[in-house]
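Residue numbers (full-length UniProt numbering), protein chains in the order written: chain E, 1 to 609; chain Y, 1 to 360.
If you're looking for bench data, these hints aren't it; they were derived computationally from the structure. Incorrect hints may appear among the rest.
[Said to hold, decoys possible] No more than 25 Å apart at the CA atoms, straight line, and that leaves these computed lysine-lysine pairs for DSS-like: (1) E:K213 <-> Y:K242; (2) Y:K242 <-> E:K552; (3) E:K550 <-> Y:K340; (4) E:K288 <-> E:K550; (5) E:K288 <-> E:K143.
Small disclaimer: the values here were computed from a predicted structure and weren't measured.
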Amino acid sequence: MAATTDALGAFPSPFSIATPDGCQGWEEMYPYYSLFTAQRPADEDRLWFWNSMHFPVPMPPFDVTSIDTPYQAAGAWQHRAFRTPPAMGIDYRIINGYVYISVNGVDDPELIAERARFFQERAGHYFGNWDALYADWRTRMEKLIAHISDLPVPKLPEYEDDDVIFGDRPPTYLGVLDAYRTALSANEQMWSNHFEFLLLGYGAYLTFSEFCKAHLPDIPDQHISQMIAGIDVLLFRPDAELRRLARIAVDTGVEGAFVEGRTPAEVDAELQSTGAGRRWLEELEAIKDPWFNMATGDGLYHYFRSWYDDPSIPYASIKGHIDAIHAGHDVERPTEQLEAERDRLAEEYASLLDDDARQPFQELLQLSRGVFPYVEEHKFYADYWFLTRFYNKIREFGALLAEHGWLEDGEDIFMLSRHEAHEALEELCLMWATGGPPLGPQHWPPIVTRRRELLKRLEEWTPPPALGAMPEAVNDPLAVMLWGITPSRLQEWAQGEGDGTTIIGAAASAGEVEGIARVLRDHAEIADVRDGDILVCTITSPAWAPIFPKIKATVTDIGGVMSHAAIVCREYGKPAVVGTGRATAQIRTGMRIRVNGSTGVVTILDGAP
Amino acid sequence: MSDGFAHTRTLAELRAEDDGVFGGKSASLGELIAGGVPVPPGFALATSAFTACIEAAGLREHVDAALASVDPDDVDAAQATARELTAAVSGAHVPDEVRDEIARRYADLAAATGLDEPPVAVRSSALGEDSADAAFAGQQETYLWVRGADGIADAVRDCWASLYSAPALTYRARLGDAARDPAMGVTVQLMVDAEVSGVAFTCNPVSGDPSMIAINASWGLGLGVVGGDVTPDEYLVSKVTKEVVRRTIAPKTIEYRPAPGGTGTEVADVEPERADAPALDDERLRHLAGVARGIERSAGCQQDIEWAIARTGGFPDNLYVLQARPVTATGKGARPEGPKGVSAMSLIMSTFGADAGQKR
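Construct the complete structure from the given sequences, taking the supplied hints into account.
If you want it as C-alpha cells, here you go:
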C-alpha cells in the first residue's frame, strides 16, 4: 500500500479509521461491497470524500437503497450510455455508517477522445431535443408516481376468499411478494429517470457559469444564477401557495388560530370551529395535491416525510408568513419584478462584453435557461414526490411484518436492508402458507434493537471530510458541480482545523451578519430554529425553504455554489457559506458567529471550543 | 470669440471638438458638464493666450532659435536651453488683455460662489497627446489652492514655462521638427475642499472585469491617491446592480489639505480611528458608481475618473468629478481572456472534456 498519510496535504487512510466505542459490528448493517476491506487495497490510493450533502447522518440499513440505486443509475447514464469522456461512475464505501464516494476517472487520452465522439452525438441529441424529451420525462415520472402510490400491499388473510378458488385471483402471498419487488423496481426506474438528464442539465449551467467568470472575473455567483433562474418553476410553488394561504388567513381573519407552539391538529381544531376557518381549510385541501408532496428534508432518507405526513413544517411556514404580513411585509413573491430584474441583468452583462463574446454568452444563456426547469424541478418529482411515496409504501410492508410479529413496530423495517426485508417477507409468506412455527419474531427484533443503538452511537462520530490520496486533478463534472470538490477545496480540508475559530468555505450568497448558531444534524430539529438564528448544517435542502424567512444566514459542511441548496439560499437573499467541510463539527449551537457570504469566511466570535 | 473674450471660455461652453484650441482636459470637462456631470465650475485658456504672451514679451524669435538648436542627445546643452527658456517665460509679463480676461472670468466665479477670492486649481490642458506623452511633453502641471487673479495669472505662466523643461524639450526634439514648437491650454477650476477624494475606473484594472467600477478613496485632497503616497481604500462596485462586491480598507495615515494660510496645500497626519475607517459608505459608493457609469456610457469607452467629495454641502450635491479620460489613454486596464467566437455547444462539450479529446 502506498504511504499517503504522512505526505503534505494528504488525508487519513481509509484503513486507519477506528471504530467508535460501542459501535463494533456496525458493518453488519451494510452490503459486503460497501466496506473498505484489505481485499481492495488500492482504495487507499484514491480520494474518498464524505458525501454529507446527501448522506449527512449514518445510513439506516434499508436506506442503502438511496445509495446503491442512484449510483447504479448515475454510472449507467454517465459512463455506459453517454460515455462522458473524462469520468465513468461514482464508487461508494461506508465507514462507521457514513458514505464516502470516489470518482472513476478516465486517464487514457485516446480513450477519452473515443468517448468524446460518442458523447458529442448522444448528448447533442438531448440538448437538441430537450423540451420534447423533458415533456416525455415528466409524463413518465407522473405515471411512475401514480404506480407506486396505487400499488396494493395485500393483507394476509386467515383463509383465502372464494375468488381464489372460483375466480381468477392469484393467492395473496404472491401479491405481497410481487408488490415488494415492484416497489423496489419502481424505485430503480425512478433513479434512472432522475439521472437521465441531470448531468447534461448541470453541464450547461456550469459552462455558462465558467464562461461568465472568464469574461467577467468579478461577477458575483448570485448574478449568474439570477440570470438563469426560472421564475415560475415548480420548486417554488409549494412555498408560494403557503404565502397565498397566509394572505387568505389574514384577509378572512382566521390567522389567530396559528399560535406558536400549537400542533397542526390544534390549529385545525380551532379553524374547524368557524365558517371562515372551514373555508380556509378547504383552500388548504385544494392545494395539497400535488404541492404537499414536498419533503421535510432532502428526501433520500426514509424519515424525510412529505408535508402530507408531517404538516408541522408548512404550518410553521404559514405562521411565519402571517407574522411577516402583520409586520407590514409583502410576502408574495414578486414574479414580474424578478423576471424584469433577471432580464435586465442579462441585457446589461451582454452589453458589457466584447462583441465576439456576446454571441456565445447569449447562446449559452438561452441553452441554460432551456435546461434549467429540469435542473430545478427534477427534485420535486424524484426526491420528494416519488421518494416520500416509495418510503410510505415500504411502511406498508413494515406494518404487515409488525402485524404478524416479525417486527415490534412497522418503522423497524428500515433497520433491515432491502434484501433482509425481502427475506423476512419471504419467511412471513412461507410461515403463513405452512402454518408452521415462525422464526422471524425471535430473529429480527433483537437485530433491530441493536442497530438502533448502533446508529445512535455512530451519530456522535464526526467523519473526516476526505480519506485517501490527494488527486492531481478533479475530472468529474458532477463532483465539481454538485459537491464543490475542487483542488483548492481539498487543500483547505487537508490543512485541517487551524486555530479553531476561522472556518473557510465557498462564498455562495453575499452579505455579512453576526448571530447565534443553530447546528442541525437532523431534519427533525428544524422545529427548534428560532427567528434570527444562523443555520449551521451539513447541507441545506430546498425543502427547508419555509425556515429561510426566519434565519439570518446559512453555513454548510458541503456543497458547491450550484447545488440546489445554494440556489435557494440566494433566492432568499441570505448570506451563505457552503462547503466548509467541518462547520457542524466545529460550531456548537449557541455560539456567536460571523458569516461573510461575500468572502466565504465564518468566524466563531465567542464560545470557541 | 464672443462677449469680448478672445482667449478664454467658461468650461461649460466647451465641447470635445475644442480640444485643438483649449486642450483635452478643458474640452473633456466641457463635455462632462454638457452631459449633466457635476464638475466644479471654471474657465479655460486657449493656446492663443500662450502665443499672445510669447509675442508680447518679444520672445518669439529667441524661443524659435533656441528650440531649433536642441539636440536630443546633448543633455547638458538641452538643460542650459531649458533653464534659459523657463526663466524667460517665467519672467515674461502676461499680457494685459489676457490678465483682464482672467480677472473677469475669476470675478464671475467669485460671484457664483459668494466668496471674495475663491481658491482654484490651475492645470495644464494638453493638446493631442495621451497622458503619458503629456507628462513627457511638459503638459502635466497642477497648482492647487491658488487665489486671486494675479495668482492665477502667475500659475498659468508657470504651466506654460513647464513646456520648456529639459525632459520636455528633448522629448519633443526627438519627435521631429513639427513637434518642437509647443502650445498648451490651461484649465482654471474652482477648488473642492475635499473631505474624501480618489479615482474611479469603469473596469477592474487588475482583473479586467468590464462589469465592475473600481474605486480608490482616501481622506483629503486627491494628491495622495493620484500621487501614490497614500494607500487608499479599494472598492469594487457592480455596474449592473451597484452592489459593493469587495472592499479593502487601508490605513490612510496622512492626508493632503489646504495650507493654513489658505494658499497651497500641506500634508497632515490622520488620527488613528479615522485612518482605519472606510472613506466611503455604501450609499456614496453606489452613487459614485452611478456617476462613473454615466460618464462611461456617454463617452462610449472605459473611463479613468478623478472625483472629490467636499466637506460642505449635503451628499450627493457635494460630489464633484474633477477629470475623466479614457482608460486606454492611461495605459491601464487588461481585458479578461475568455473564449470568444465559439458556439455554445462546443463550450458545453469542453465542460465534459469532449473537445477533441483534450483533458480539461
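Do the hints match the structure? See the list:
{"no.": "1", "hint": "E:K213 <-> Y:K242", "in the structure": "18 Å, holds"}
{"no.": "2", "hint": "Y:K242 <-> E:K552", "in the structure": "23 Å, holds"}
{"no.": "3", "hint": "E:K550 <-> Y:K340", "in the structure": "44 Å, violated"}
{"no.": "4", "hint": "E:K288 <-> E:K550", "in the structure": "24 Å, holds"}
{"no.": "5", "hint": "E:K288 <-> E:K143", "in the structure": "18 Å, holds"}
Checked against the numbered hints given earlier, the structure breaks only hint 3 and satisfies all the rest.
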